[in-house]
Amino acid sequence: MAAPKKGRRPTGAQGRPGRALAIILIAMVALTAGMFLTKQTTPRLGIDLAGGTSITLKAKSEPGKPDAVNETNMNTAVGIIERRVNGLGVSEAEVQTQGRDHIIVNIPKGTNEQQARDQVGTTAQLYFRPVLAFADGAPAAPEPKPSTSTGASPSPSASGSGAPKPEGSSKPSASATPSSSATSQGRVLSEALKAPGTPTPSPSASESKKADDSKATPSASAPAPAPTPSADPALANLQTKFATLDCTKEDQRAAAGQGVKPEDPMVACGQRGNQWGKWILGPAQVAGTDVKDAKGVIDQQRGQWIVTMQFTDKGADKFAKITGELATKQSPQNQFAIVLDGEVISDPSVSQALTGGNAEISGGFTQQSAQDLGNMLSYGALPLSFQEDSVTTVTAALGGEQLKAGLIAGAIGLALVVIYLLVYYRGLAFIAIVSLLVSAILTYTIMALLGKGIGFALNLPAVCGAIVAIGITADSFIVYFERIRDEIREGRTLRPAVERAWPRARRTILVSDFVSFLAAAVLFVVTVGKVRGFAFTLGLTTLLDVAVVFLFTKPVMTLLARTKFFSSGHPWSGLDPKRLGAKPPLRRSRRGAPVPAPVDAKEA
Amino acid sequence: MSKLGDLGAKLYRGEVGYDFVGKRFLWYGVSILITITAIVALAVQGLNMGIEFKGGAVFTTPKTTVSVAHATESAEKASGHDAIVQQLGNGGLRIQISGLDTDDAASVKKQLGTDLKVDAAQINADLVGPSWGEEIANKAWTGLGVFMVLVVIYLAIAFEWRMAVAALIALIHDLTITVGVYALVGFEVTPGTVIGLLTILGYSLYDTVVVFDGLKEGSKDITKQTRYTFSEIANRSINGTLVRSINTTVVALLPVAGLLFIGGGFLGAGMLNDISLSLFVGLAAGAYSSIFIATPLVVDLKEREPAMKALTKRVLAKRASAAAKGEDAEGADGDDTPQVVAQGGQGRRRR
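Which chain is which? The protein sequence lines are A and B, in order.
Its first residue numbered 1, the first sequence is counted upward by one per residue in the working numbering.
Its first residue numbered 1, the second sequence is counted upward by one per residue in the working numbering.
If you are wondering where the hints come from, they were derived from the structure by calculation, not from laboratory data.
Beta carbons: idealized from backbone N, C-alpha and C, even for Gly.
Check before you lean on any hint, since a few could be wrong.
Unchecked claim - Covered stretches of chain A, as calculated for chain B (at least 3 residues, CB under 8 Å):
| no. | segment |
| --- | --- |
| 1 | 24–32 |
| 2 | 303–311 |
| 3 | 420–433 |
| 4 | 438–450 |
| 5 | 543–549 |
Claimed, not checked - Over the 12 Å line for every Cβ pair with chain B, so calculated as not near, a few chain A residues:
| no. | residue |
| --- | --- |
| 6 | K314 |
| 7 | L560 |
| 8 | F565 |
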C-alpha cells in the first residue's frame, strides 16, 4: 500500500513492493472467487442490452378534478413509482414521463417482473376512512349471522357487538340507514350495518362534532334528529350496493371503489387474513399524502411485527382528530380503513386519540405484510391514479447487437491504445498493458458482483463509460512514465528515478483523478436512468485506476527497476538515457558554447 | 517515435519550446473567433434536436430488403409525420418519426411491419415524449452548475483561485466549442450527446490539472530567484508537460475514436455514437484549451499580483545590468525563450 508521504522523503512504499502486489493479488483472487461462488459470472445487463419489460401507465383524469393531471403531479408520481420500483431491488429501472399523461416504467429482465408490475400498477390513491360497517365479503348469506367478520380479523370488530352503539349513527350513512331497513335484503345482510341505524335516537355530544368534520359530505346536514328515511338517495344506493356486493368476485371488487370521490362515503372490499371482507366507509379523513413515512418494523418488546407511521404536520392534526373520534366508539366503528385504490388494505381499530404525528399499527402482521403495508403507506400516496396502458417486452436482439458493437469498439480502442503505448514507451508499455489488464479484471468482477449486490445493470452507456475509462486509466501511467523519464533526463539512474518520480506523479494522478471522480459523482447524483450507468462506470473505473496505480503499477515499476533490462536502459526498455537525452553526470557544453552553461547544470 | 522522445527531452530542457504565453493573445483571438462562430452558428442554425427532445418514435427493424426511400415513404404514410430512415450496419433500418405519440405508435408499428415485410413483433419501438429530453437537459444544467461550483472550490484549494478561474473559463470555452461544432455541422443532439458533454467536464479538466500541476511545481519559490518572470516559468512548464499532455490526449482519444468508428460505421446511430462524438469534439477542444488558454489565463491573472510585478521588475533589472556588462549574456538566458529548468527548486541545486 502506498503509504502517505512521510516527511520529505520521496520514497513512498518502494521498500515493500511485494506487499502492495500481494494486496491487489488477494483482492483479485477474492473478487474472482466471489464471482464464481455467487455464480455471478457476468454483469447483469440493462434493459437496452438484455431486453426487458416496459410498462406504460396512463394517468386517469379523476371526476371532479380535471386539472389533476398536470406536470407537478406527474413528476411527483414518477418519483413515487421510481422509489417503489427501486425499493424492490430493481435497480436500473427507469421511470419517466412521456407526453402529458403517460409514465413509462422500464424493468430489465431478470427481476421479479410480476411483483414489480403489481407494485407499479396498483399504486394509486391512499386514504384513511372511518369504518361504518363491516361484513364478510361473501355474497349475501341467507343466515343472519351478525357482523360476520370471521375470526380472521385481528381487530376486535369480530364480535357482533355492533348492535348497541348509538354514536356511529351520527355518520352520514347512518342517517340513511333507517331507509334501508325497509329493504329486507339489507337486514339479512348485515346486522352490524343496520344496528347503528335502527335504534339511533340521535346521538349525543359527539354528533355535533361529527357534523363539523364530516366536511364536504353532502349528508352532513342529514344527521338531523329525525331519521328521515331515504332522505339521501345516494346513501340508500350505497346501502344497496353494500348488500349486493360480492367481494369474492374480482370484477365486483374492482367496480366497488371506482370513481368515488374522497369526500364521499363508499363501499369497499379488502382482504382480512385470507378472506374477503366488505366495508362501508365514511369520507376520507386523512390522505396518503399526509403520511410522511411508514415502515414495517419488529417491536422488540412484544416480538411482533408492527407498522409505524409518521404524519406530516397537517396529517398529524387530521389523524389526531379522527382517532379521537373513533376511540370513543365501539367496534367496528372504532376502526379506520386504509384504502388503497378503492381496496381496504388494513382496518386497524383505535383505542385512543393519537396525537403527535406518530402512530403504529399492530396485530397479526407477518414480516412481509408489515413491510408491504409500510411500503404502501409511505409510497402509496400518488397524487393521481394510473392505469396500465400497455406492457411491452423489448426484444433483446437489438441490444445484443449493440453490445457486440460496443465490445468491438472497446477492443479496437484498447488495441489502439496498446499499439500507441508500445511504439512510444516500448518496454514500459508492458507495465501499462498489464496494469490495464488488472484494471479490467477488477472492473469486470466488481461489475458482476454489483449486479447482485446493488442491482447494477450494465447498459450501453455503461459499456461506453468503460471504454472511455481505458483512456483515463492509461493517462495515469503516462503521467508516471513521463515523470520517470524526466528524472532520467536529469541524469539519474533508474532506481532513484522511479522513486523520485513517484511522489510527484502521485500528486498529479490523485488531483486529476479526483476531478474525474467529481465529474462522475455529480453526473451520477443529478441524472437519471441510463446516464447513471455511465456515470457509475466512470466513477468506479476512476477509483480502480487509483488503486491499480498505487498497488500495482508503482510496485511493479519498483521491482522492474531492479532488473537489468530496465535499469541498464536497454534501447527497448523505453528508458534509454541516451534516447531520452539525459545529460551525462558531469557538466557538458551545449550548442558549442565554450562556457559551461551556468544555468542548466542540474546534475544532482 | 524516438523523434518525439528527443523532442520531449529538448522540451524538457528548454532547448526548444514554443512561446505559448508570449503569443497568448494570438490564441485568445483564435478562441474568441471560434467562440463567436459557435454562438453565431447556434443562433442562426440552432441545434438539431433529436427525437428525444422533440418527442416521437424510433423504430428499429430487423434485416430487410426494402430500400430506404421506400421505407421513408411508407413510414410517413403510416404516421402522417416526417420520418428519417437510416440503414444500419446489420441490414436493418432505423426509422425516426417525430411528433408521433404513444397512442398511434402501435398501429404505425404494425403498418411498418406489413410494408417492410418484417415481423412487427421484431420491430423495436422506442417511443419518447418531449418531456424526457427536457428532463435530461434540465438535469444536465443542474449537473453542470453543481460541478462547476465544486470543481472551482476544489481547484482553489488544491491550487489557487486564479487557476480555478482559468480552468473554469477553459471549461466553458470547451463546452462552447463543442456545442458550436454541433450547431455548425448539424449533428443530432440526443441525451447521449448531453452525457458526452457532461463527461467532457471531467476530462477537459484532467488535462488542465496536469498542466497546472507542473506549473505549480515550477513556480514554487519563484520569488526567491531573479532569473525568470512568472510568465517565462509558466511557458517553461507548458513546454515541459507538453509531451505528457499530447500523450494523455492521444490515449484518451483513441478509445473514443474506436467508439465513434464502430458506433458510426456499424450501428449507424444511437447512444454509442452520440456519446463518442461529443466526447471526441470536447476532448480535442479540452486539450487545446488546457495548453493555449488555461495556463496563459493564469499568467494574465498572476502577473497582476504585486509580488509578481516586483519579480518581473527585478528580473528585468538584472538582465539589463547583465547586458550592460556586456559579455556572456547572449547564450545563457537573456531574452529568448527561457532555457532553464524551473523544476523542483533549481535554485538550490544550481552550482
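Checklist entry - Which of the listed hints are broken here? => result Of the numbered hints given earlier, those the structure breaks are 1, 2, 4, 5, listed in rising order.
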